[in-house]
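Dock the two chains into a complex; use the hints.
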Amino acid sequence: MKLTSEEKDMLAGKYGEGIALAMEIQQAIGEAFEAERMVEISRVHVALSNQEADLWFVEKLLKKGNKCRISPTVNPPYNLEYFKNYIEFTQEEVDIIERTRKAYREIGATLTYNCTPYLENNIPRFKEVVAFSESSATPYINSIYGARTNRESAQSALCAAMTGRVPEYGLLLEENRRGQVLVEVEAKIKSDFDYQLLGYTFPRMNDYHDTIPVFVGLPDKISSEALMNLGAQLNTAGAVSLYHIVGYTPEAPNIKAAFQNHQPRNKMVIKDEDIQETYSSISDKKGEIDFALFGCPHLTIKQIEQIVNVLGSRKFSVPFWVCVSNLTKSLARKMGYLDTIKSAGGHLVTETCIDQPCWKFLSGKKGVTDSPKCAYYTKRRNMSFYIADLSRATEAAIKGELR
Amino acid sequence: MRRYRCHKIAKGKAKGEIVISKDPLCFYLVDPKDGQVIEKNHDLEGKSIANKIIVFPGGKGSSVVQADGLYQLQQENNAPIGMIIKYPDTVLVATSIIMNIPLVDKVDEDFYSIIEDDDVIEINADESIISID
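If you read the sequences in order, they're chains A and B. The opening residue of the first sequence carries number 42 in the numbering used here; numbering runs sequentially from there. The opening residue of the second sequence carries number 16 in the numbering used here; numbering runs sequentially from there.
Warning: the hint list may mix true and false statements.
Said to hold, decoys possible - Straight-line alpha carbon distances no greater than 20 Å define the calculated DMTMM-like cross-link-like pairs of lysine to aspartate or glutamate that follow:
1. B:121 to A:251
2. A:420 to B:60
3. A:104 to A:147
4. B:121 to A:77
5. B:37 to A:248
6. B:121 to A:75
Calculated directly from the structure, the hints in this document are not laboratory data.
Pulled out of the complex, with its shape left as it was, chain B reads as follows (with noise of 0.2 Å):
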């Protein structure tokens, strides 16, 4: 098992399977029903982040689109489980803090080049912890 440091921004720990993404996300444009990114162009387009841990730079988006967005995935019970992200917003933190979901960032450049879509990895905010299996 790797293990790799990283910092907390919202606690908890959350075990799943990982969808990255090249781009920024903003939740709104993302369909609350099954998950999926409906923005055009985007890396996501189409995919579903759906009870997964997603692996992005970062989140884009007015403050009332992005936490609308996240509460609307919770409300279907398809939102994220964790985010590994390289570049805090107050937008983001703030809301990922409210809706419970496990942030961190600051992770070692080595995990970047060892993961891919769907492999399985286990976030633990609360120790600065991200081990994969």
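With the rest of the complex left out, here is chain A (with noise of 0.2 Å):
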């Protein structure tokens, strides 16, 4: 691979020995993919996990000096400050979550602390190249606004953050862009719930999991919620990082140029019934209930505002959990949808991924949510769910079940 005189000075140490070791193993990744040169970005989104590996990375290149030079924003640990009225954690867990904050705090990145940053504070335009970790992230930038990014760990977008650089390979080259699998979708799709079950649909019906699929067949208009969730799934199903929607997305103006000109690899069409399959596979249709979780990824104003009309001025029956963003929160007070919430005995909580030693006092138990992500990740804490679209899920927290 070709380096710049600039990037060889970072990785002789010129510049310091964070930036040093960012750039050595961002060499051997680019190497590795054969990439022939490093580019330049000018954003990233690092998803901070408040696990062990995520902490030992981030303290080991605080250790030897150095800032990003580009801010990363992050995602959500959890908000301890919140959670200690209601729970006890652990000298432990709380030594991990202190050490991480202050980490990343001190290795400059942009406290966000939300998985949702391309709805609301790092936002890419056409084209742009950029280093997103982050599952519902990668599909959004890359598929709705036409940004670059590959799919980047956790670790490999702090390096990028570093160096302010990435090697150039993948979807970061305007021929590996191109579509590879027609998908005709004939099942009705109206819902934003139906999208969750479309993008976990895509990949449990394609052979390979990294695919990029070209969706003819959808509504007109579809909101940014629907997108937010196809994007989820696919990624969290699959390994699905960008997908065209044929006269929606900004690389799909028609099926040619979603294909590049290409022949589609494979044909496939999603019918009703192959989302039944999907949802079955997931989800039993009823019972009861002990508690409602929702924000994988992070809910917005939008959907807070469905909770609430559905809600009205009854109470729930069982406890009832949002994770959102500061400014979803700031919004929800300004409108008057947090007193709604918080009088029916529910919750808004900032700054909290649902896959964190926070919801431990769930564990064994059965909950209700909209995210198939969010049913999945949690099962290795021994917690389990119903999936429900959001209005559904939010009768059953009332009912005390979901009917």
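Here it is as structure tokens:
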């Protein structure tokens, strides 16, 4: 791989040991994928996870000195100050989260603690080259904005933030962004929730987990929430970091453009019964619940409004949590939604992910959520879920059972 | 001794027994205490990858689970000592480079036809060579 003189200086330690280590790792990644050069980036999002490997690596970089050249937005750990009021944490858990937050602050991250940066404060433009990790974020910025990122790991994204560069390979190159499988959607896709199931269905029916699908047959109007759901599930059930919707996403004005004048490698039809089969493979249809948990990815203010509209002046009969960004919570407060949810016994929680030790008190219990991704990642915390659309799930939290 | 060309991804050398998997692997679904694969219906379910060279198609799972899985195995001295894959992805590549586990790809099909579990092989990623006694 050819490096510029500045990149060689980075590698040699002229800008500090932290940048040298990050560049060494990136050079190895570049050579593994036979990249010809490094390219400058302008944005980074790091999937901070508050796990031991995450902490080990950020502290390792930090100890060598240097701050990020490009300040990355970061994923949520959990809101220690909030949850301390409800549950006991071990000293080890407190140490890990305090050290994680301190390390990311000192290395120069922008402490958004939110997994939907692409809707708020880290929004790339068309063809902008960036480094994003986080499974709902990479497909959104690649597909909807036409920005360019590979499916970065939390650590490789942090290296990119240190050096301000990424090796040029994969989805950064025009020819690798062409569609591979033509997906005719015959199933009726109406609600935002239908996109969750569609996103889970494609990888289930496809042989390769990292294929680029090209969807036709979807409605003309698709909400941001639907697209957030689609990408999150495509990249959870599979490793799909880019998709095209013909006549809708910027790199697919028509079928020819979506496939860059090539023939599709494969064709697939998704019917109502395929969507139904996905649903029955991931959730039971009805039953009693112990709690409700939403926000994987963080819910938007429109989704909070949807909850409030279903709720009216009724009360929840089970504990009810929604993980949201600081911006969404502040909007909900100003718009009166927070009061409504609070008086019903529910909570809006900021700076928190559903896959964190703060939920350990839900171990062994059965809840309801609107997100297949939430149900998938919390299995190892021994939490189980019914999955239903947001309105039906909210109704279940009021009744104490999904009907 | 037979020698096969390969392509270096993560540097280093390793010599040891191999364990072969038809399925992609997620290191989060491996028990750090003994290196046994605990993923249900996985080709390696119940087998240990501790201190072995794994021959498998590639990684799967989010960056978070893959990195933390390998890290936990390393803390307990039960990480694999080398890896041979067919399909590199950014997450596994970055993780093995950071954790200093030799990783190679692009090995001749011949190699796959003669190897069996527990064969002793040597990976020299730096020189892009795999050798079998």
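Structure-based check of each hint:
no.: 1; hint: B:121 to A:251; result: holds, 19 Å
no.: 2; hint: A:420 to B:60; result: holds, 18 Å
no.: 3; hint: A:104 to A:147; result: holds, 10 Å
no.: 4; hint: B:121 to A:77; result: holds, 19 Å
no.: 5; hint: B:37 to A:248; result: holds, 14 Å
no.: 6; hint: B:121 to A:75; result: holds, 12 Å
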